[in-house]
Amino acid sequence: MAELRRGGSLSQLGLRVMAGGDAAGRVERLLGVPLPQSPNTVREGVLWLGPDEWLIVGRPEDEPRLREVLAGEGAAVELSSNRVSLELSGPQAPDVLASCCSLDLHGDAFPTGRCAQTLVAGAPVIIERVDDRPGFRLLVRPSLAMYVESWLADGIVGLA
Amino acid sequence: MMRRLAEGGAIDRSQERTVVVNGVSYQGYAGDTVASALLANGLIAVGASSVFGRVRGVVSAGGEEPNALVQVTAPWSEPLVAATLLELPEQALEVSLLPGLRGRLAGDDEQRHDHHHAHCDLLVIGAGRSGHAAAAAAVAEGRRVILAERDFRPIELAGDEAIALPRTTALGSYDDNFVTLVERVSPVRRRLWHVRAGEVVLATGAYERPLVFPGNDLPGVMLAGALRTYLERFAVAAERPAVFCNNDRGLEVARLLGAAVIDLRAGRTVVGVEDAGEDGLSVLVAPLEAPADIERIECDVLGVSGGFDPVLDLHLHRGGRVRWHEGRACFVPDGALPRQRIVGAAAGEGLPAVQAHWLLPGDESQAFVDLHRDVTVAELRRAVGAGLQSIEHVKRYTLIATGADQGRTAKTNATAIAAQLLGSGVAEVGSSTTRPPVEPISFAALAGRARGERFDPVRTTPIHPWHVDRGAVFEDVGQWKRPRYYPRDGEQMDAAVLRECAAVRGGVGMMDASTLGKIDIQGPDAAEFLNRLYTNAYDTLKVGRCRYGLMCRADGMVFDDGVVSRVADDRFFATTTTGGAAVVLDWMEEWLQTEWPQLRVWLTSVTEQWATVAVVGPRSREVLAAVVPGVDLSAEAFPFMSFVDTAVAGADAHVSRISFSGELAYEVSVPGTRGLELWAALWSAGEPHGVTAYGTETMHVLRAEKGYPIVGQDTDGTVTPIDLGMDWIVSKTKPFVGSRSLRRPDTMRPDRKQLVGLLPDDPALRLDEGAQVVLDPNLRAPVPMAGHVTSSYDSAALGRTFALALVRGGRDRIGHSLYVSQSGVTARATVVEPVLVDPQGARRDG
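Chains as they are written, first to last, in the numbering used here: chain A, 1 to 160; chain B, 1 to 846.
Don't take every hint at face value.
[To be verified] A short list of chain B residues far from chain A (calculated; beta carbon distances all over 10 Å):
| hint | residue |
| --- | --- |
| 1 | Asp114 |
| 2 | His116 |
| 3 | Gly448 |
[Unchecked claim] Which chain A residues face chain B? A few, computed with CB under 8 Å, are given here:
| hint | residue |
| --- | --- |
| 4 | Arg16 |
| 5 | Pro36 |
| 6 | Ser38 |
| 7 | Val69 |
| 8 | Gly72 |
| 9 | Ser102 |
| 10 | His106 |
| 11 | Ser150 |
| 12 | Trp151 |
[To be verified] The following label-pair restraints were derived from C-beta to C-beta distances:
| hint | chain 1 | residue 1 | chain 2 | residue 2 | range |
| --- | --- | --- | --- | --- | --- |
| 13 | A | Gly8 | B | Ala680 | 20 to 26 Å |
| 14 | B | Gln389 | A | Gln117 | 36 to 42 Å |
| 15 | B | Arg553 | A | Glu63 | 46 to 52 Å |
| 16 | B | Asp12 | A | Gly50 | 47 to 53 Å |
| 17 | A | Pro60 | B | Ala680 | 44 to 50 Å |
FYI, nobody ran anything at the bench for these hints, they're computed from the structure. From a predicted model like this one, the values you see are computed outputs, not experimental measurements. For every residue, glycine included, the Cβ atom is placed at its ideal position computed from N, Cα and C.
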């Protein structure tokens with residue numbers, strides 16, 4: 001049992017800044033959330049993508065505001081059109097993904113609040129575990145969304 | 001002859017099954033293999049051998065089978081399947097025997113196969129006693145366990161985190177405990193498992209090995225252990241068995257079967273076997289010391305046991321070491337690999353002591369070492385006599401152990417006999433290399449679901465639905481589907497491209513340019529960073545302006561090109577070629593991270609954040625004016641190579657005056673989600689002006705007419721900016737990646753290949769792209785090559801064909817003729833400047 005649907009539009013901002021620095025502190029005050037420091041974790045819509053890289057998803061802040069507080073000590077880029085979200089959930093969702101993704105998505109290895117940049121059927125995606133149904137959110141390049149959907153939908157049919 | 005017993009065995013006599021062999025039906029039961037069903041029906045011969053055409057029979061009851069490989073023809077199709085492993089399914093199974101063991105690749109395999117990635121704490125290969133015990137112990141500790149077993153018998157292994165996989169063969173073992181398995185999910189479906197395991201336990205058991213004596217290949221000569229398996233598991237037995245062995249395990253089988261015994265350890269050997277027809281086999285037995293002193297033993301089957309070989313394929317795939325065990329006469333593991341254990345018979349545990357006599361008396365040309373490849377002791381002797389000493393050379397010379405059975409019953413005998421012939425020890429000769437896969441696997445199973453539309457990632461732009469709707473013919477550019485041209489009723493490509501080209505230069509055209517790579521570059525040192533990477537300067541670029549740029553690799557060869565816009569003092573927006581997007585970003589990141597970490601610059605791919613439409617042609621200004629009414633589009637207010645940020649169709653838009661055709665042109669970018677609306681708005685604004693959609697082919701012609709190179713088509717990694725005639729874009733005053741290489745003597749040679757235009761004498765002849773250029777058509781081969789054609793088109797603007805070419809010393813040849821050799825014809829062409837349309841640039845401002 002697994003269900004796939006296309007998520008609604010999602011505001012996304014790319015953030016590059018040195019972790020723990022003054023600029024990061026200013027960003028954290030603006031967001032009201034500490035930037036997650038633990039690799040591949042998510043905190044209130046902020047995804048850790050690299051030691052100095054985060055993706056801010058579904059939050060009200062915008063690029064000019066972030067660039068202002070960064071003051072040249074980092075970068076912020078509006079990326080809302082850069083990826084679309086696919087939502088895959090249900091008890092067999094991990095099996096659907098296991099047919100086309102080499103990550104260990106077992107609840108112990110990839111609990112809720114974890115994210116990763118990986119390949120699904122050869123297409124780059126950011127995958128995030130959003131709940132324990134289990135539910136996954138896949139952030140996919142729009143150009144590849146139909147292709148990835150086709151793989152996942154076919155995987156669901158294959159399990160039936 | 002063997003027969004099915006009335007009772008016993010692990011078969012289910014209440015469920016009859018059918019196997020059709022070469023068109024004849026035979027009856028078996030659930031739990032039978034094809035081999036056991038054949039034997040139960042009194043059949044033992046399975047077809048002619050591969051070289052000598054000798055009749056051969058079933059030898060084993062497992063995965064080591066050298067002879068009984070069959071072609072499955074229904075309900076699925078598969079070549080070279082071991083009949084000893086193939087269970088009888090519910091539907092009738094049709095197979096054919098394979099004379100010469102030449103399998104036939106099936107046609108299109110429409111079966112649905114799949115892949116599965118799995119992770120576990122422990123992977124156990126082999127569900128025999130030792131393997132099952134290891135798996136059960138780990139399950140009891142709550143570990144994630146996968147237990148894979150080649151056989152089809154059910155496996156008892158209960159636990160939330162336990163996966164038991166019968167009918168599953170481990171195919172290969174790789175670094176970091178990555179193991180591939182193939183599961184026969186149903187008779188026709190396969191699932192390829194990619195397992196990453198914390199620990200691997202190899203419990204793969206041991207294969208019995210035959211003895212090598214004259215006549216050992218006759219049907220009815222089988223492994224002793226196989227006779228036991230056929231009796232105990234399949235209730236199939238012979239009336240008068242005999243056993244020939246050199247160890248106690250063979251003797252045990254003889255006792256169980258009530259068989260006559262020929263024991264090498266007692267100094268008795270077999271010097272020949274004769275086919276006695278209905279009466280079975282006549283075995284010629286003699287003392288080792290007096291081989292002419294023959295007595296005969298008549299039997300139905302002769303079980304042989306020459307010792308046991310631990311099954312170590314998966315250990316050997318990873319370069320695991322083995323050592324020769326003299327007492328048991330076999331290679332045993334010399335320690336396990338990190339995070340692996342080898343248990344049970346695979347570790348050599350419990351194997352009987354063997355008294356080995358490798359070279360037995362008798363006719364060596366009748367004593368077979370490898371039944372599958374049909375190789376005898378005589379041929380081994382010839383190989384060694386020819387001077388071959390390495391077992392790898394002997395293997396290649398004789399083909400021993402190169403068959404579909406991977407020589408499982410042959411390898412150790414071959415090594416030991418070769419050692420004896422060479423007068424050296426078995427350990428010194430060693431074993432030949434073992435490689436994956438352990439058993440044949442079909443390409444269809446390897447492909448899994450990655451076929452048809454899911455074969456490879458497919459990328460489409462936000463405007464794709466419009467292109468589909470208008471009947472565009474698409475071209476693959478990397479993973480992108482790009483419209484190549486838009487044929488109108490019945491138009492072929494050439495006609496469509498001529499029409500599109502004429503429409504753009506004569507009016508206005510639109511092209512989806514969303515696939516261009518786009519990179520956002522931010523930070524106080526962004527201009528300095530670009531100065532170092534591009535051949536021209538960016539610190540002098542003003543905000544609001546754009547500049548065309550080339551990038552070289554460190555060797556000075558052109559790597560990519562694009563347009564860079566300065567969005568703010570500390571922010572640039574760079575485009576790359578469609579195919580180069582990811583590579584260029586990686587290249588930039590590499591320099592930043594490894595060479596210039598002190599630069600405060602951050603890069604972000606925004607390829608898909610923006611959808612881009614090119615509006616091109618003398619009437620493009622009028623089209624654009626309709627969608628950005630408030631913007632002054634005059635050439636003075638909005639000059640070439642500048643941009644404005646505005647709104648189009650209600651979306652934030654970035655409008656640049658950039659041209660890849662020499663015409664007045666604009667590129668309009670909006671956030672990707674608004675791309676289709678942008679296209680629609682521009683299209684309706686263009687309709688009054690007769691706007692024409694054009695594709696990549698027209699784009700190529702238009703740029704070639706202007707002599708604009710395409711990186712990767714007109715360059716091939718050996719072309720400098722100077723070779724392209726682009727000295728004007730190469731800074732003489734600042735260093736950049738590749739600048740030193742451009743001052744090497746070789747990159748300054750005047751006779752390097754240079755980009756020029758070619759006009760064939762015949763204005764209707766389109767030269768072949770890739771065709772060789774020669775200076776003298778009358779020379780005999782080998783003719784020195786003077787270059788090659790890189791781009792070639794029919795031009796609406798010129799009313800004739802033209803080409804671009806890289807030609808040795810090309811610029812000095814302008815005005816001269818040369819020759820292009822293609823398809824057996826030598827065509828003469830004149831070398832010209834590469835810019836053929838509007839060399840003065842008069843059309844740029846409309």
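Evaluated hints:
1. At roughly 6 Å from the closest C-beta of chain A, the C-beta of Asp114 (chain B) falls inside 10 Å, breaking its exclusion from the interface.
2. With a least beta-carbon separation of about 5 Å from chain A, His116 (chain B) fails to lie farther than 10 Å from that chain, contradicting its non-interface assignment.
3. The non-interface label for Gly448 (chain B) is inconsistent with chain A: the shortest C-beta to C-beta separation is roughly 8 Å, within 10 Å.
4. Hint status for Arg16 (chain A): holds, given a least beta-carbon distance of 4 Å to chain B, under 8 Å.
5. Taken as an interface hint, Pro36 (chain A) does not check out: its beta carbon lies about 19 Å from the nearest beta carbon of chain B, beyond 8 Å.
6. Evaluation of the Ser38 (chain A) hint against chain B yields a violated restraint, the C-beta minimum of about 20 Å exceeding 8 Å.
7. Given the 8 Å rule on beta carbons, the hint for Val69 (chain A) is violated: about 14 Å separates it from the nearest Cβ of chain B.
8. The criterion of a C-beta within 8 Å of any C-beta in chain B is met by Gly72 (chain A), whose closest approach is roughly 5 Å, and the hint holds.
9. The interface hint given for Ser102 (chain A) holds, since its Cβ lies 5 Å from the closest Cβ of chain B, which is under the 8 Å cut-off.
10. Annotation: interface hint on His106 (chain A) holds; nearest CB of chain B at approximately 7 Å, less than 8 Å.
11. With a least beta-carbon distance of about 6 Å to chain B, the hint placing Ser150 (chain A) at the interface is held under the 8 Å criterion.
12. The closest approach between the C-beta of Trp151 (chain A) and any C-beta of chain B is roughly 6 Å, which is under the 8 Å cut-off, so the hint is satisfied.
13. At roughly 22 Å, the beta-carbon separation of Gly8 (chain A) and Ala680 (chain B) lies within the given 20 to 26 Å, and the hint holds.
14. As the Cβ distance of Gln389 (chain B) to Gln117 (chain A) is approximately 52 Å, the hint placing it in 36 to 42 Å is violated.
15. Hint check: Arg553 (chain B) to Glu63 (chain A), Cβ distance near 33 Å, so the stated range 46 to 52 Å is violated.
16. At about 59 Å, the beta-carbon gap between Asp12 (chain B) and Gly50 (chain A) misses the expected band of 47 to 53 Å.
17. At roughly 30 Å, the beta carbons of Pro60 (chain A) and Ala680 (chain B) sit outside the given window of 44 to 50 Å.
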